[in-house]
Amino acid sequence: MPRSRFSAHLAFLALGIIWGSNFLFMKWAAEWITPGQVTLLRVVAGFIPLALYAACQGVLHRAHWRHLHHFVVMALLARALYYLAFAYGSSVLLSSVAGMLSGAIPLFTFVAAALFLRNEPINARSITATLLGIIGIALIARPWQGLQADVSLAGVAAMLGGALCVGLSFVYAKRFVMPLAIPSLALATYQTGIATLLLLAVIDLEGILALSNDGVALTGLVIGLGVLGTGVAYVLYYFIVGELGAIKASGVTYLPPVVAVIIGVLLIGEPIRGLDLLAMAIILVGVILLQSARQMQEVAPPNPDDFETEQVLPRSGGLETSNHSAR
Numbered sequence: 269m270p271r272s273r274f275s276a277h278l279a280f281l282a283l284g285i286i287w288g289s290n291f292l293f294m295k296w297a298a299e300w301i302t303p304g305q306v307t308l309l310r311v312v313a314g315f316i317p318l319a320l321y322a323a324c325q326g327v328l329h330r331a332h333w334r335h336l337h338h339f340v341v342m343a344l345l346a347r348a349l350y351y352l353a354f355a356y357g358s359s360v361l362l363s364s365v366a367g368m369l370s371g372a373i374p375l376f377t378f379v380a381a382a383l384f385l386r387n388e389p390i391n392a393r394s395i396t397a398t399l400l401g402i403i404g405i406a407l408i409a410r411p412w413q414g415l416q417a418d419v420s421l422a423g424v425a426a427m428l429g430g431a432l433c434v435g436l437s438f439v440y441a442k443r444f445v446m447p448l449a450i451p452s453l454a455l456a457t458y459q460t461g462i463a464t465l466l467l468l469a470v471i472d473l474e475g476i477l478a479l480s481n482d483g484v485a486l487t488g489l490v491i492g493l494g495v496l497g498t499g500v501a502y503v504l505y506y507f508i509v510g511e512l513g514a515i516k517a518s519g520v521t522y523l524p525p526v527v528a529v530i531i532g533v534l535l536i537g538e539p540i541r542g543l544d545l546l547a548m549a550i551i552l553v554g555v556i557l558l559q560s561a562r563q564m565q566e567v568a569p570p571n572p573d574d575f576e577t578e579q580v581l582p583r584s585g586g587l588e589t590s591n592h593s594a595r
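For what it's worth, the numbering used here labels the leading residue of the sequence shown as 269, then goes sequentially.
Treat the hints loosely; a few may be bogus.
[Unchecked claim] Label pairs and their computed distance ranges (CB to CB):
(1) 534 with 422: 20 to 30 Å
(2) 556 with 270: 21 to 31 Å
(3) 337 with 545: 35 to 45 Å
(4) 540 with 425: 18 to 28 Å
These are computed hints drawn from the structure, not numbers from a lab. The beta-carbon is built from N, C-alpha and C at its ideal position, and this holds for glycine as well.
Using the sequences provided together with the hints, build the complete structure.
Shown next, in the form of structure tokens:
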């Protein structure tokens, strides 16, 4: 195996671990500060390495700013609202459960694309995949238990809302951003920077310094969730797409839910039921079916520069559109 491809496979594994650990970092931080503050610190810490790398690559240009209105919409959908929803969901759910629910992001992306884009394949395979995703989510949320459920329905709703934001960002980017032919790294940098400004305008900063009382949570948020999970993760994904192609690279979306469960159950002792594991498996089978349905329609490999709008998760934690980083 060529050295570059071996490095790409290592990056593939590293990216799955980074995105899968995001849910634990969000949960730790939310014990000290609000989900909004978690989101703000995340985008600030993620913006710094992105901006530095983009500047070194020379992809940032003043001419891009005439498309500012598109960047603002993408910053809201693919960064601010998406990350905020996942931060809240992770604060009230077990990190393993939040991670499992994040596995449904590609399914929500498909639903949004099927509703608003004409070229999304709608066939028996994609419909079956969507139904499997719905079944898996229902098994995790257990809405039939009502108030007796041991899973926060508000948390589940937040995770699904974040996934919906990812789906809508895919549609918006496909229709309005991709035609601009702006490099993906530049788009990611603009979106994260604008999201930082938007969050600064609305997030109450009172009590945010409380996070400094817990060095582990602070490090996890700034380094794990911000620098690695929001900044470095994009750089790794660009490298993987360049070496392996966008279709193979999109397979990294299968790893975060599994990593989140391993971390939550084996490392920090979160309880988990066999039904939850079955639900995660059902969701992942649905995602695999959906990916295969898309690949069957492909007539040519996607351009790596289309990553920002073609990943099926930035989103995470994202993506996704590229927002799988999500997570």
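How the hints compare with the structure:
The supplied range of 20 to 30 Å is met by residue 534 and residue 422, whose beta-carbon atoms lie about 27 Å from each other. Checked against the given bound of 21 to 31 Å, the beta carbons of residue 556 and residue 270, roughly 27 Å apart, stay inside it. Restraint check, residue 337 to residue 545: a C-beta distance of roughly 44 Å satisfies the suggested window 35 to 45 Å. Our hint of 18 to 28 Å for residue 540 and residue 425 holds, since their Cβ atoms are close to 21 Å apart.
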